[in-house]
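Enquirer: Listed here are the chains, written in short residue letters.
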Amino acid sequence: MDLAKPEWKGRFGVSPSGADFQAIVSAVYALEGDAAGAAWLQGVKDNAKVYRGNSTIMKAVNAGEVPAGVIYHYYWYGDQADGGANSKNTKLAYFGNQDPGAFVSVSGGGVLKSSKHIAEAQQLLAYMSGAEGQKTLADSAALEYTVGSGVAANSALKPLAELGAPTVDLNALNGPKIVEEMQRVGLL
Amino acid sequence: MTSRDAAGVGPRPPLFRTSAALAVAALSAIPLWYVASGVADAGTGMVDLLWRPRVGELLTNTVLLVLAGTAACLVLGTAAAWLVERTDLPGRPLWTALMAAPLAVPAFVNSFGWSSLVPSFAGFGAAVVVTTLSYYPLVYLPVAAALRGTDPAFEEMARSLGCGPWRAFTRVTLPRLRPAALGGGLLVGLHMLAEFGAVQALRFDTFTTAIYDQYQSTFNGAAATALAGVLVLLCLLLLAGELRLAGSVRLARVGSGTSRQPTLHRLGRARPVAAAGLLLFAGAALGVPLGCIGYWLAVSTSTAFPAADLLATAGSTLALAAMGAAATTAAALPVAWLAVRRPGWPSRILERSTYVGNSLPGIVVALALITVAIKYAPGLYQTTAMLVVAYVTLFLPRAMVGIRSALAQIPAALDDVARTLGVRPAGALLRVTLPLIARGAGAGAGLVFIAVVTELTSTLLLAPIGTRTLATQFWSQSSEIHYGAAAPYALLMIAVSAPMAYLLIRTDHEAAR
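Going down the list, the protein sequences come from chains A and B. Counting from 1, position 61 in the first sequence corresponds to residue 61 in the UniProt record's numbering; the numbering is continuous, with no gaps. Counting from 1, position 222 in the second sequence corresponds to residue 222 in the UniProt record's numbering; the numbering is continuous, with no gaps.
Since the hints were derived computationally from the structure, they do not count as laboratory data. There's no promise every hint is true.
Claimed, not checked - To give an idea of the interface, some chain A residues facing chain B are shown, with a C-beta separation under 10 Å as derived from the structure:
(1) 8
(2) 9
(3) 17
(4) 22
(5) 55
(6) 56
(7) 63
(8) 78
(9) 175
(10) 178
(11) 182
(12) 186
Don't be surprised by glycine CBs; every beta carbon is placed ideally from N, CA and C.
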């Protein structure tokens, strides 16, 4: 929440056009309420340097263009695994402490009602979210956390339980409203 | 000696050509209809979406970029053409090739080169520099060709009547260059409106990048449509502006005769300065992107040469570009013919309507076509044919400019002569007109070819699943900052476009002889 305060002016980068940052905004609204959320968003609009994409933010921080940036963890781990050309001068810092910024975003899948292959699509989703699919994820270079299946995440990552994530009811998040809010303050 | 410009006006326009032209215009109108109906659907909500500070910001950015970039291209392109064609610059044949070569370097590869050379290279100035370096050949080529095609006798006559060299140039030669320069300037302006990859990488927001962001956040974007609506208005302004400035210059001559070699202006002490300036210019436009590609190929850890993948991608890109070029040229022909041979406001509107697609971002054109296809021809969705139709809609002006100016140089009397000798209209078109405009049409097709090779957003949306092009692969690698993996695709894109650019230069050269 401090990012909206004047002392952070021009000192961090965000990528408002991506769904990643939009998810964080929706978590702030869900946890702090609409009024505090809106005030925070206006502060971010005034303070943040705007980039497009997590990787671009990371590269800018690495090059010293901006002291800090808000990104998802796996972009950093991914670049480290790829030689670290764009992250060698950077370090990951987690918000922790149940701060809205420590919100853990979940990737989901869905099946269209109009789909011609509903059963097969459900089967694919069940496989991907099941033990076998999550094991594939853990072993891959994606470096995202595994969930819901008891399969441990990639050992390179800081354990999920230690991240100090706040409790957010994912079903309470309101995507369209957040986009409208971001349009209102001019981030989109 | 100018020929009758409306020669051959028949009692009524030819049915087949008119209906073909109407069909092409209808196709180009699809994106326009899509935007208009989106705006109508949103109704009064549109006001809220448009009347906000962000839109003002975007409007300022877009207008400034178009004005500054187009002006820079006009000045630099014309100056370079004059230096290369009409002065005693050392090494002129070399410059002829070097000045047109940036045509083969896509704007987003150029911005990739610059921003990886100077990480803080971003914002308005950066966007103007990169787009100018990428698009000035669109002015340079037609102006250089016009300079070569202009009989020096006009200028000499002015000199003999007492004009100084500078006055003779500004009062006699420059006006003759006006249609070529303005046509090129119009293309540049339209490109600036729709440019996505280059300005996005330089973190400069225009309507086009904002539209893309909107679509990324919400799929049913009333906000995106609103922005596209403003973009259409800007495009119409640009078209009207060019129309006003171009006026009605008549350039056709019956039998150009043999003009003598123009006397070259002596640059004197400015000679090394001019040569150094051009060298700097070429270094910025060609050296930076090529150097960076080489650098990334050499150092990056993500560099990989998946030969089979590269080959397959290059193959599908070439095939798409060839199909796109052929289809676009064929579609431009009837419209250009009507515009030149049956002048008047109906054919004007018909011709101008084909320019709108070029100023809209590829993503809007693609979404418009998808919307129409899903409703009326669901079989077309996810086919190569649909992608080619999108290319036609996007790149018609490129083909049109070449064909139109070629047609304008041919006296309509040639058609009449063929007809009096007993040839039917279709025969006259096939045996007289087409061979004469083949060069112009070929140059237009070449421009379309290069445009397709580097097209990004429509291809991302419309390409059948599994079809990849060099541009989409380069984009997906470089936006994940895997510069090393992106570099081979950039290099291939340039390699594929280079022969076409070379042919364009050659054609221009020979056409002027």
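Enquirer: Hint by hint, where does the structure go against what was stated? Just the numbers, ascending.
Expert: 1 and 2
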